Each structure stands twice: as C-alpha cells, then as structure tokens.
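Protein chains: 2
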Amino acid sequence: MTKAELTIRTVNTPAVLVDLEIARRNIERFQAYADAQGLAVRPHIKTHKLPAVAEMQLKAGAIGITCQKISEAEAMIAGSPKITDVLLTYNIIGLEKLEHLKALARKVTLSVVADSEAVVEGLSGAFASEPAPLPVLVECNTGADRCGVPTPESAAALAQRIAKAPGLVFGGLMTYPPAGGAAAVQSFMSRTKAFIEAAGLTVPVITSGGTPSMMQAAEAPVTTEYRPGTYVYNDRSLVSRGVCGWEDCALTVLATVVSVPAANRAIIDAGSKALTSDLLGLSGYGHVLGRDDIAIDQLSEEHGRLVSKGPIHLNVGDRLRIVPNHACVVTNMVDTVNILERGEISAVWPVSARGCIV
Amino acid sequence: MTKAELTIRTVNTPAVLVDLEIARRNIERFQAYADAQGLAVRPHIKTHKLPAVAEMQLKAGAIGITCQKISEAEAMIAGSPKITDVLLTYNIIGLEKLEHLKALARKVTLSVVADSEAVVEGLSGAFASEPAPLPVLVECNTGADRCGVPTPESAAALAQRIAKAPGLVFGGLMTYPPAGGAAAVQSFMSRTKAFIEAAGLTVPVITSGGTPSMMQAAEAPVTTEYRPGTYVYNDRSLVSRGVCGWEDCALTVLATVVSVPAANRAIIDAGSKALTSDLLGLSGYGHVLGRDDIAIDQLSEEHGRLVSKGPIHLNVGDRLRIVPNHACVVTNMVDTVNILERGEISAVWPVSARGCIV
Numbered sequence: 003m004t005k006a007e008l009t010i011r012t013v014n015t016p017a018v019l020v021d022l023e024i025a026r027r028n029i030e031r032f033q034a035y036a037d038a039q040g041l042a043v044r045p046h047i048k049t050h051k052l053p054a055v056a057e058m059q060l061k062a063g064a065i066g067i068t069c070q071k072i073s074e075a076e077a078m079i080a081g082s083p084k085i086t087d088v089l090l091t092y093n094i095i096g097l098e099k100l101e102h103l104k105a106l107a108r109k110v111t112l113s114v115v116a117d118s119e120a121v122v123e124g125l126s127g128a129f130a131s132e133p134a135p136l137p138v139l140v141e142c143n144t145g146a147d148r149c150g151v152p153t154p155e156s157a158a159a160l161a162q163r164i165a166k167a168p169g170l171v172f173g174g175l176m177t178y179p180p181a182g183g184a185a186a187v188q189s190f191m192s193r194t195k196a197f198i199e200a201a202g203l204t205v206p207v208i209t210s211g212g213t214p215s216m217m218q219a220a221e222a223p224v225t226t227e228y229r230p231g232t233y234v235y236n237d238r239s240l241v242s243r244g245v246c247g248w249e250d251c252a253l254t255v256l257a258t259v260v261s262v263p264a265a266n267r268a269i270i271d272a273g274s275k276a277l278t279s280d281l282l283g284l285s286g287y288g289h290v291l292g293r294d295d296i297a298i299d300q301l302s303e304e305h306g307r308l309v310s311k312g313p314i315h316l317n318v319g320d321r322l323r324i325v326p327n328h329a330c331v332v333t334n335m336v337d338t339v340n341i342l343e344r345g346e347i348s349a350v351w352p353v354s355a356r357g358c359i360v
Numbered sequence: 003m004t005k006a007e008l009t010i011r012t013v014n015t016p017a018v019l020v021d022l023e024i025a026r027r028n029i030e031r032f033q034a035y036a037d038a039q040g041l042a043v044r045p046h047i048k049t050h051k052l053p054a055v056a057e058m059q060l061k062a063g064a065i066g067i068t069c070q071k072i073s074e075a076e077a078m079i080a081g082s083p084k085i086t087d088v089l090l091t092y093n094i095i096g097l098e099k100l101e102h103l104k105a106l107a108r109k110v111t112l113s114v115v116a117d118s119e120a121v122v123e124g125l126s127g128a129f130a131s132e133p134a135p136l137p138v139l140v141e142c143n144t145g146a147d148r149c150g151v152p153t154p155e156s157a158a159a160l161a162q163r164i165a166k167a168p169g170l171v172f173g174g175l176m177t178y179p180p181a182g183g184a185a186a187v188q189s190f191m192s193r194t195k196a197f198i199e200a201a202g203l204t205v206p207v208i209t210s211g212g213t214p215s216m217m218q219a220a221e222a223p224v225t226t227e228y229r230p231g232t233y234v235y236n237d238r239s240l241v242s243r244g245v246c247g248w249e250d251c252a253l254t255v256l257a258t259v260v261s262v263p264a265a266n267r268a269i270i271d272a273g274s275k276a277l278t279s280d281l282l283g284l285s286g287y288g289h290v291l292g293r294d295d296i297a298i299d300q301l302s303e304e305h306g307r308l309v310s311k312g313p314i315h316l317n318v319g320d321r322l323r324i325v326p327n328h329a330c331v332v333t334n335m336v337d338t339v340n341i342l343e344r345g346e347i348s349a350v351w352p353v354s355a356r357g358c359i360v
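In the order they appear, the protein sequences are chains A and B.
So the first sequence is numbered by the numbering used here: it starts at 3 and just counts up by one.
So the second sequence is numbered by the numbering used here: it starts at 3 and just counts up by one.
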C-alpha cells in the first residue's frame, strides 16, 4: 500500500481507526490519578490486544498487564520484550492449558487466580515440580455475580488452601466489581484481609478493575492495584455513563454509505461483523460522530441501518466515523487496525491478540 | 497435535465443532426440495466460510455461491478451484473495491447487485473497458427495509439504466425478503418482471434468500434461484422458529465449566468472543444440549453465565455443548473449526473467509 492510499478518505471500509494521541491521553490521565492515590496500574489488554499499546501503558507507569486467557498472554509476550509481568484473571482448567501456563511462567513474572479448590488442585498438580512457585490470587465475588468465592470467610479459607498447596504461593485477592462497587470492594476485601492476616498470612496484592468506576478507585483504599481495560479507547457505553466525552474516544469504525433507499434511511457497509451486537444496555449500535440525529437501529452481518427523524442528508459513497457501543469487542473482529496520528493514518497494525479465546 | 488430542473430551476449549454429517444432511434436504421445485440453489457462504463446505454444496447440486463482500469471494475462490460462479449481493463502492471486482471477474463467472444509479455508474466506469460485461442484478426491497429499490417501477427503471450502461448487462432481480415474505416477493417480482419485459428486456434470474422461509420458497414461483445460508448448520434461532430440531444443528460450541460459584449458577469459558451477543429476538445466548433447565443469561467477553431454576448439578471441568443463537456470526469469531465425523474430531479446518469485511 502506498502512502497516498493510507488516508481516511480512501482506505478500504469498513476500517477500525485508533487515534494514538487520544489513547495516550487516556492512559496518562488514569495513570496520574492512580499515582496520586498510590495505586498500581495493571491494564487489561482485552481492549487493544496490541503489544505496542501495552508498551505505551508500561512506559506511562503500569507495573504489568492483565490478560484473561493464556493465548492472549502468549500473543502479547511474543509481540513485546517489554511485557515481563502478567496477571491472568481466569481459572485455568485442563492439562493443555496447564502445560501452556508452565511454559509462560518460565518466561515472565506470572500470577493467576482461582475461586475453587478444584482449580487450586489443578494448578498445584502442574506446578509442584516446577522450579518456582506460582502466585495464585483468590477471586472474590463483590457483587458482579460472575466468578469468585461468595464470602470473606470462603476467600480466607481458599487463601490458606493455596498457601499450603505444593508449587503455589498465595498471591493476594482479585475482584471484578460491578460498576459503582467501591464500597462493596472495600467491605469484602478489608474483612477478608483481616481473616487472612489473623491466620498468619500476608496479602501482597488486592486488585480491582473496571473502567466505569476507575476514577472512584480510591473509595476502596484497601485495594493496591487497578486493572482498567476500556479506558485506553473509551466507547459509547462510557460516554453514556458520563465517564468521558466523544473527544476521548480513540477507537472509531470508518464506514461508507452504500445505499440511501429512503429519505430518512441509509445503509452503511459496517454491520455486526465490525460493530458487533453488543448493546451494553444502550439503544442502537453506535454513535455517528457529528450526527446526533442518526440512530443505528439495526445491524445484519455486513449492513448497518441508519435512521434519522428527518431527512438523512447522506449520499452513496459518503464516509462516516462511528463510536461503537463497546470498543473491546470491535478490536476482536478485525485482523488489523489503522493507526491515526495528527488526523491521518500513519500505520496499519496487526491485532496480535485477536481471537485468543483459549 | 496427535490423534489422541483430537477428541471432544480433551480438545482445548472453547472450541467450535462442526458435524459434517449433519451439515451434509441439511444441504441435501434443501437441495432435494429445490430440485423438486425447479429452483436453482446458490448458497450464501457467510455461515460456514469454508471452501470445503462450499464444495459439498456444489456437489449436491448448487449452481454457484453467494458472498456478501469481495474479500469473502476472494478467500473462497483461493480455497477451491471448484468455485467458479459467484454472486456478490452487495453494492460495490469505491475505487479499491472496483479494482478487486475487475480482478475477480477475470477469474470466475461473477455477478453483482445494485440499488442506485450511483452504484451502477461506479460499476460501469470500472467495467467499460473490460473484455467482458458484468451482469448486474437490481436489488429490490420486498419488506426487509435494508437495501433495495422501493418499488417495481423503480426496479424496472434501474434495470433499463443497467442495460444501457457501458460494460454492464442486466442480470436479473435480487431480494433478501423478511421471514414469511414469499407473497411479497411474488407480488413485487412478478410486477417488476412484467414492467421490464414490456420494455423489451428479459429477466434472466430472480433470486431470493433466507433460511427461515426456505421451505416456502415455492410460494413465490416467480423466483428462479434461492440463496440459503444458515440452513447448512442451523442454530437456536431456527429451532425456536420451528424450522429444524436440535438434532439438525451442525455447529456447536464446546465449553468447559470453570466455576460453580452458587448452587444454581455456573460459569463457562465461552463468552461473547465465542457465542457472540446476537440475540435474534431470543432470551439468553444459546442452548446447552441436554440441559433444557439451563439458561445462558449473561455473557462477558470470556465468561458465559449459566443459571438453572434448581440446583445446576455441574462441576468445574465439566464440558458442555452449546447451540448458539446464530451460527454465522460464531464462525466469524474463530480462526479454526473442529470437524466432527461419527462423533469425533477428524480434522481442524481454518475458517478461510473469517473476518472478510471489505
């Protein structure tokens, strides 16, 4: 591709654009907040899946990265020698995954989580004969009702189980709280910490996460570490919650109008294969920048339907930039993203950790 | 990977499984119906994205394939020399896409659609100096309110515009109707055909599509061709519409239980990155085979939450097979699918046309 083709006026659509200056500003804003609070930052890479953006986060002051799946961690580590500290916030189950986990632990500083004896037993069986023990954090349910032990008592019991397991060391406490859950985190974690310390163990890390409540992280002072993900790009969901403005959205989907079949309706070439069907409680599938009158009311795989209350004033061939409801899932749809610097495309980056589901 | 690892008991999860015998039965069932009705079959490859499955469809009697995007057609053609006839049911806009379209037309029998003069002008400009003219079908809106000209009169006018355009020939009429839209298709298409024939043109093809109504295709006898997509795999959406049963679902997602945090709740390792957020009007995100009591009530990217009215009776490490709401979008999430034959994994196939959005 020649330099001249790398413009937002001619790049083949639909295309995902990532404005690196906005991303850098978003990274630095939260890092400054966390630094002021004495909170370590360990960004979740699920939003960008790009080793180069992880390097930006590390350079700004992050202590390491968070991944959900082993294959994500493997892809990120393969993409950057600067990624040397990884927390996997997932219960690792099964022989094949445990083999990969051992290989990973020999390459980087690794920690994982567990929320049951079954997971602890599997980890211990795999690491009992490894040269170094694996730090395992207890995942706690502070209200999101996904994974996690249900009570401080059960968290403390699992911490002791980990501490006694061959090949493992107790690494701390982890939670993914519901939005606005700082008080619940503070209550659950401080009680759990007291129980664990009473049993003679120390709690080296208490880690929480979630972009929606990240600027209230200090309201749970018991936490030592925060794992924001979406904050690097932001999205329509976060704008709708008042967390940021459109000007803070680093990721947009560039689409072309392919049909204007009615005065108030237009069809774009970005459907659910670009924008995804994630609603996150919203109505419609994204925000067309500069066109507050337009709703994206329907997606099929390759078509997005735009409707306006009045005449839509669009022509076949027009290009639009859309802030998706959820940035993380959009980067998972595409093999490459177009990097924007000073308003123009400066590079095309492969999305290294795309599709890493195992 | 050794043969022993290729089993549904040990394959790394989440994994997409495709039962080839069920797919073959689905292909043959519709082909037999279409043959009996004198209807040509041109399957939409968006569901499988696999050249080898397209070959199964062609072998059963399909006259060619349907693709939505140029890059899908390129990937499919690169994957099989038997794919020699492609209909692109999409308005092709922009210089880069038109260049790819010209290259494609030199390799295979190609036809495309248009629903506006702007699209026709672009195609004509690109093909005016090509050795062979490009057949262009008029896309008609028979009620789905996506793309398509709105009336038989406007369809006939665009057909005449195509017929006069340098580099193009009028190729017929195309529609993607709403479910149960056979009567609307029959009415729109027969009136349009009469207008076009009165103007001295012939209508070589009238093509309709959609799996939900495929067994009622004969209720629109004016159609000459049908483009089913999802029929090859089926999914929960089609079961819920009464189109097929669970035993006809060729695609399943194999997932592992990673947490059982409450008596009635379990978490699996398949989230929206495997099952997608497509609801298609349903409640919940898929059907757990053999467990009618379970609802998948919440997905995050890497977690699926299962809830039961009573005790869920699942343990960490248990494996479940899930029929997703929408099969097509699931194949777009994964780089490979595991091929099932006689109940075991016989091969791992790359999803050749995954992520082809341009």
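Careful, some of the hints might be misleading.
[Said to hold, decoys possible] A short, non-exhaustive set of chain B residues, derived as facing chain A with CB atoms under 7 Å:
1. 16
2. 123
3. 217
4. 220
5. 221
6. 258
7. 260
8. 266
9. 279
10. 283
11. 286
12. 305
13. 316
14. 320
15. 359
[Said to hold, decoys possible] Listing some non-contacts, in silico: residues in chain A with all C-beta distances to chain B over 12 Å:
16. 165
17. 199
18. 273
19. 315
20. 349
Read the hints as simulated data drawn from the structure, not as lab findings.
What you are looking at is a predicted structure, and each value in this text was computed from that prediction instead of being measured.
Note that beta-carbon positions come from the ideal geometry of N, C-alpha and C, so glycine has one too.
Tested hints:
no.: 1; hint: 16; result: holds, 6 Å
no.: 2; hint: 123; result: violated, 10 Å
no.: 3; hint: 217; result: violated, 22 Å
no.: 4; hint: 220; result: violated, 25 Å
no.: 5; hint: 221; result: violated, 23 Å
no.: 6; hint: 258; result: holds, 6 Å
no.: 7; hint: 260; result: holds, 4 Å
no.: 8; hint: 266; result: violated, 11 Å
no.: 9; hint: 279; result: holds, 4 Å
no.: 10; hint: 283; result: violated, 12 Å
no.: 11; hint: 286; result: violated, 14 Å
no.: 12; hint: 305; result: holds, 5 Å
no.: 13; hint: 316; result: violated, 12 Å
no.: 14; hint: 320; result: violated, 10 Å
no.: 15; hint: 359; result: holds, 5 Å
no.: 16; hint: 165; result: holds, 20 Å
no.: 17; hint: 199; result: holds, 24 Å
no.: 18; hint: 273; result: violated, 8 Å
no.: 19; hint: 315; result: holds, 15 Å
no.: 20; hint: 349; result: holds, 18 Å
When the structure is compared with the earlier hints, violations turn up for hints 2, 3, 4, 5, 8, 10, 11, 13, 14, 18 and for no others.
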